[in-house]
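Engineer: Line by line, the protein sequences are chains F and S.
Here the first sequence is numbered in our numbering, starting from 1 and rising by one per residue.
Here the second sequence is numbered in our numbering, starting from 1 and rising by one per residue.
Everything labelled a hint here was simulated from the structure, so no lab data went into it.
In this text, all values refer to a predicted model and were calculated from it rather than measured experimentally.
Don't be surprised by glycine CBs; every beta carbon is placed ideally from N, CA and C.
Misleading hints may appear alongside valid ones.
What the hints assert, rightly or not - Computed beta-carbon distance windows for the label pairs:
(1) F:E220 x S:H211: 50 to 60 Å
(2) F:T49 x S:K36: 44 to 54 Å
(3) F:E329 x S:P255: 49 to 59 Å
As the list claims (entries may be wrong) - Which chain F residues stay away from chain S? Per the calculated CB distances, all over 12 Å, these:
(4) K65
(5) A103
(6) A236
(7) G353
(8) Q366
Given next are the chains, with one letter for each unit.
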Amino acid sequence: MKLIQRAVPLALIAGLGLTGCTSNAQPSSATGTEAGGPIAVSSTDTECTLTASETSSGTVTFNVKNDGTQVTEFYLIASDGNRIVGEVENIGPGLSRQLTVIAGPGSYTTQCKPGMVGDGITQDFTLTAGANGTVDANRVALQEDAVKQYQEFVAQEADALEAGTGEFAAAFAAGNVAEAKALYPAVRMHWERIEPVAESFGDLDPILDAREADLEEGQEFTGWHRVEKDLWVTDASYTKMTAAERQEIADGMVTNTKELVSRAKEIEFTVDALSNGSKGLLDEVATGKVTGEEEAFSHTDLWDFAANIEGAKTAFEDLKPLLKGTNDELSATLTKNFTELETLLAKYEKGDGYVLYTDLTEAQIQELSAAVDALGEPLSQLTSEVVK
Amino acid sequence: MTGNFLIGLREGLEAALVVVLLLAYLNKTGPSHLAKRIWIGVAAAVVVSLGFGALLTFGPSGLTFEAQEIIGGTLSIIAVGFVTWMVFWMARAARGLGADLRSKVDDAAAASTGALVAVAALAVGREGLETALFLWAAARATGETWEPLVGAAIGLAVAILMGFLIHKGVLAIKLAPFFKWTGALLIIIAGGVLAYGIHDLQEAGVLPGLHNLAFDVSTIIPPASWYGVLLKGIFNFSPQTTWLEAIAWVAYVIPVMALYFARLRGGNSQPSASASGTHSAVVSAH
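When you get a sec, could you build the whole thing from the sequences and use the hints?
Structural biologist: Right under this line is the structure:
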């Protein structure tokens, strides 16, 4: 019963004193021009009719008319079914009451309660985002932008991965060891940049990227690291693959990568997936790359390292507009720490790629590890800031 | 017609009962100017409610749902506090019934002129805004049909008539039991008002447990039935009562009632301050 009617005060006099002169008993609703206009609700003893089941969020007005014979009530209830967003009670037969609420986008339920008992007559009601140009609406737009940009990045990297994997697999199958060895770390960077996406496919990830040491019982050793071993291990105890075996592994990589790429392009991201993915990439660096475990035979861990950081930074950059004005401090810290890590990593560039992990000293590894940790801590705060 | 009549009756009764009991009490014990204070409070509440209701109905802006429920709920709970204070104040005054009754009540009341006005204003005002909104809606609908306004007006008129009859009735009761039972009745009514206020705050989301019902007898006592209306109008009885409401009612009524009767007994134990003293047992209404 919080009513806001905008009406000419004369309506009061007209209503009270000059009955019969006004054929419209609700002069207020005619002049109430909110965005989208008021929604008329007719509550009878058996029905609850709304002129719309959807409107834009913000200030929403319902003109509730009791067209029945029993006293009725009208409620707007939040989607959890418990919170009353607004209500008008005590609407006598023949009377109109207005309900004005301020509500955000989402799903709601409207409820008429003729006789004021029971669960009433309910139906779904939707408030769509954006009409009022509120801060929230702006954030929704920023979130959509971030997701869209990251989606494009994923699609781009996935395409590059598919093309690169084809080349690499062909060189390997043909026994062209030098070319395969050169392609290996470069093509893998496309994988590593979008690793959280690739890893989200629990069936494909082990086939393509499992390390020998991590294989579970019954799992076959296939994919990138199987090839890595064949290319780099020269030990007398290791038997190189035959041409037929190489072809089989290569075909498997191409087929599975194709499948992975098409699925990766289908994923619908949310901002928290971006920020969590960014943090996930950094964890990958900390647990695999900075320890030299990932590339046990090729020792090209720094390529993966760099690619992981690039992927993490892309997600952060896409999310950065959401921090503006809400947490500029975190934004500045992350920007600074990403730059410091990149600068540090640049010291180990060599040709088109990086020095081998085995060329790093213990002190250098410690330094890289410290820079990764320094970035990881503020990055873990990102999700809570962007989902606001 | 019937629906609007019953709403008018219910809202009218809710507001009238406390006032009637307060008035009757003061008529018995105090000089007539004390009763005037009650009427000042009532008049203030009616004017403010109607004005505020008209503003919200026809003005450029209104309250949010939460604000409205919080105001209604808080006013109800404050009203309970004042009525409780009144009951005990009257119990104390009852002990002073005697030769020097008038001066004593005067002394007591002199310090609480504002309080008497406030009790009456709150008792009426807590229901006033809701009633005013309902009445304005009825008034606005008169362009289409007279029925809602007529129904509501008849309901209110019947409520006032019932109030008047009760007023007459309680005045005809012997003095001693009168004090005892009007006080007790006020406590029960106040308990209902408290539960109603709690319900408002639950609807506003300030208090939890809106959907945890202690009992639901709405099929036996429909809120729209005449007996449902009377129960609601007199005792604020809700056929769908939440646990929190029920607990609040019991937690208020039982200790306050016990304390009240303890006070009355305490009063009777003092010979010079007995409520059943030498004063005339029956006082005519006017």
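Engineer: The structure should be examined with respect to each hint, and the outcome stated for every one.
Structural biologist: Here's how the hints hold up against the structure:
1. F:E220 x S:H211: 50 to 60 Å: 55 Å, holds
2. F:T49 x S:K36: 44 to 54 Å: At 51 Å between Cβs, range holds.
3. F:E329 x S:P255: 49 to 59 Å: Given a distance of about 54 Å, which is inside 49 to 59 Å, the answer is holds.
4. K65: 9 Å, violated
5. A103: 10 Å, violated
6. A236: At roughly 74 Å from the nearest Cβ of chain S, F:A236 sits farther out than 12 Å, so the non-interface label holds.
7. G353: At about 59 Å from chain S, F:G353 clears the 12 Å cut-off, so the statement holds.
8. Q366: 53 Å, holds
Consistency note: the structure conflicts with the earlier hints numbered 4 and 5.
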